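Going down the list, the sequences are from chains H, U, V and Z. Using the working numbering, you'd call the opening residue of the first sequence number 18 and step up by one each time. Using the working numbering, you'd call the opening residue of the second sequence number 3 and step up by one each time. Using the working numbering, you'd call the opening residue of the third sequence number 559 and step up by one each time. Using the working numbering, you'd call the opening residue of the fourth sequence number 1437 and step up by one each time.
The hints are simulated quantities; they were obtained by calculation from the structure and are not laboratory data. What you are looking at is a predicted structure, and each value in this text was computed from that prediction instead of being measured. The beta-carbon is built from N, C-alpha and C at its ideal position, and this holds for glycine as well. Any given hint could be a false lead.
Among chain Z residues calculated to face chain U with C-beta under 8 angstroms, some are [to be verified]:
hint, residue
1, W1451
2, L1462
3, L1465
4, F1483
5, V1506
6, G1513
7, I1514
8, I1517
9, L1521
10, Y1545
11, L1549
12, I1553
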Amino acid sequence: MSIPHIIVIGAGSTGSATAHDLALRGLRVTLIERGDIASGTTGRTHCLLHSGGRYCVNDPEAAAECIVENRIIRNIIPDLLELNDGLFVALTEADLAFKERFLEGCATCHIPARELPITHALEIEPFLNRGALAAVQVPDAVFEPVRFCLAFLATAQQHGAVVRRFTEVTDFLYAGGCVSGVKVKDHRTGKTENIGADLIINAAGPWVGSVAAMAGISVPVKPTAGVMVTLDGRLNNMVLNRLSPPSDGDIVVPQRATSIIGTTSWEVEDPDVIPAPADHVAKMLAQGEQLLPAVQKIPVRARVAAARPLIVKGDKEAREASRTFECFDHQDDGVEGFVTIAGGKMTTARAMAERVSDLVCKKLGVAVACRTRNVPLVSYRLFYQGGSYA
Amino acid sequence: MASLNYPRVRRAGRWFDLRRRRMGMWAYALNRITGIGLVVYLYLHLVILSQLPGGPGSWNAFVALARSPFFLTLDVVLIAGILIHGLNGLRIALTGFGIGVKAHKILFGIVMFIAVIALGVAAVLIYGG
Amino acid sequence: MLEITLQIFRYKTGESPHYDTFTVQVAESASVLDALDVVWAKHDHSLTYRRACHHSACGVCALRINGLEKLPCVTPVSSVWDGHTPLRLNPLRNFPVVSDLIVDVTGLFQRLSASDLEITRDAEPTLPLSVDNLADLGTRMEPEPVEPPENLTRFNRFESCIECGICMSACPTVAADDKFLGPAGLAAIYDERHKTGDPREVAHLLALADGEHGVWRCHSAYECTEACPQAVDPAGKIMALRRELIANRLKKGRRK
Amino acid sequence: MDNPFTKEPRATTTWLWQVVTGVLLLFLLGLHVIANHFIVKGGLRTFADVLAYLRNPVFLVLEALFLIVVASHAMLGIRAILLDLGISDRMERWLSRALTIVGVLTVGYGLWLTWAIIH
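Produce the entire structure from the sequences given, and follow the hints as far as they go.
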């Protein structure tokens, strides 16, 4: 039997990691992306490599995934991270009361957590609210989303994967009741063509619903938008979180010379264009000011909104929906040769890729194990030298 | 996929595309124009001097021509070129040695100021002499 | 809401380049990239342009607005829109145009790979910030170097350069000399040279800078430093490399 | 993929030479202008003035030096401009040789001219 050919739709973090996983297993992979790498939700994430601390009390399943992946990512792309850890800071008595539950949660999820003397925390973070009552250190880190994806893709290319950017899937092709390929339009040339495949993976993030709809399938993913406000100055060394259950504007991620405040949460119909609502931006600044009183003194550099692909079960509010991920084999919907991977965080992209690749290999009868946990990625710069414009 | 790649000669024309460009670019273009001008002058100068072995007759005819107001004006242009190229060259040399890099715009202002003053003096001498 | 007109450079393989004009509505605080997103989503899905982070971390969206190189993601429409003249958007210069506003950035990344500059730098002792009037907030005006928490040896940061290609587009030498290492490539050499302690690597980096297409090809137009959205100051770094090369050359001359 | 940006020839010397000749020119050109136009009142107007000037060994040496320096500076300048056309490495070597020859011919012609005038 010839080597199976897999098409992955979407070059965000999930699609990039999946292309890498499958290429490393020796499969033929074509990644199709209608825009540029990470041009959807991935590009506009908070840049936070989660320790899991944020979810350890309310969503321990997601938290446990985060810390495992956090350690793996540190090993495979150590040069693409700002490794300055994170602080969970208590500002009120209620926050202080939450501390014990937080430390317990961290312990349960195996997240290393340690309380810093508040004087030391204030010394490390000179712009932190001087009224802070307690600070807990966790192994958060900061990445840059595009290079994160490029590193996976450059490595995938070295293993033979083909990346087609600015190429949009317009329809599915079928053979005998089974998906057999896709019809695409290359926006760079305006030309359309058919690409055959043994199996197709839908990794389109908040757009998985519209991709699956082309095959007449629905997936329980709700695009849920969030706003981030990027300041024109860096106010913190470490990632600062409010020591309380996740809510709006309770996290400030520093990156390079900026601080990024996030985030809010509301459901959107069309994830293509999401203007950042002015009231959300104002709320971010007001909330951010509680952690870092200097926030309002710094000019705003950018206001960004993007949709998370949250898997919604029952009638949970978006903020409470789990950040974990799920793999859908559309065989169950009567369509063979088509699977969807959705949900999750960018931190867990590699694990999502492993899960969907395992499923794909099982379906195709390929008995090769996942190796992405231990294989360091090549320089992201090689992506542009891999002839992807050819 | 064919990409749009402009021919080299056309791209080289961007040396002098000063639209919306800033002071450093103007300094560079000025230096290049004066440099090319001075090389042209160097060879013109040698060609004119080649009349000297012909004896006093042709030389005197040339000197008479060279003292016409038109040629004196050309002399002023020549001196302007020398001053701009020479003084700006000094600025480039200094910044190349790591001196005044942050102040390269001020330096340009200073050398151009000196050039204008010196040109004024030269013009007075030329037209006055 | 603002109603603005964009005049966008269009090119597809086999077609002749031209401009298309679009009128879109955006929020008062919108960036030029936000406006492009609206053009793509609501008017013309075949428009190709690069975008990802929308907040100047990734560097992919760089293009020219009214002739000048900018990051549209952090260029507010209000800063470039005069109310009636269409905003003209062009791809970066000095790169092959692939389609519409996309250029082939391979050359930039080859140049950056020459020095193998790592994107993070260690040992950041303090926050790079000076904010006026912070005294009343009870915070220190100028943070002093601090000790990171125990298990961190030191704080680190991403390099300032976001590899956007703006300096290459602004540089008059890159325009025609395809082999010139260019502002970004030379700045990366400078940064890597100051990161490494290995004399052999230093010698290699300085030799690169000293190449026929290295720092000496620069014509001191300072356009790169003027255009850089991240205050990398490539021209300053080129001059610093020149200074070091000259010093080394003169020392060597004396020894002979 | 072969990276074309990692080759390592040296260019500091060329640039330094351009600076040195440039600075020398500022002095020599100054002397040249003063000697030609201001030493003799009203400048070298007559043919006899020119002959007398060139037969003075000090001026003769200065003029010869000036010629050499100005030709070097000009050739290096032309080379820099032509390199901006992005020529190939082979073309570049050829160009350097050609400019050296042009420079030598220029200086040679100038010296011959001087010799012809004096005699």
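Hint by hint, which ones does the structure fall short of?
none
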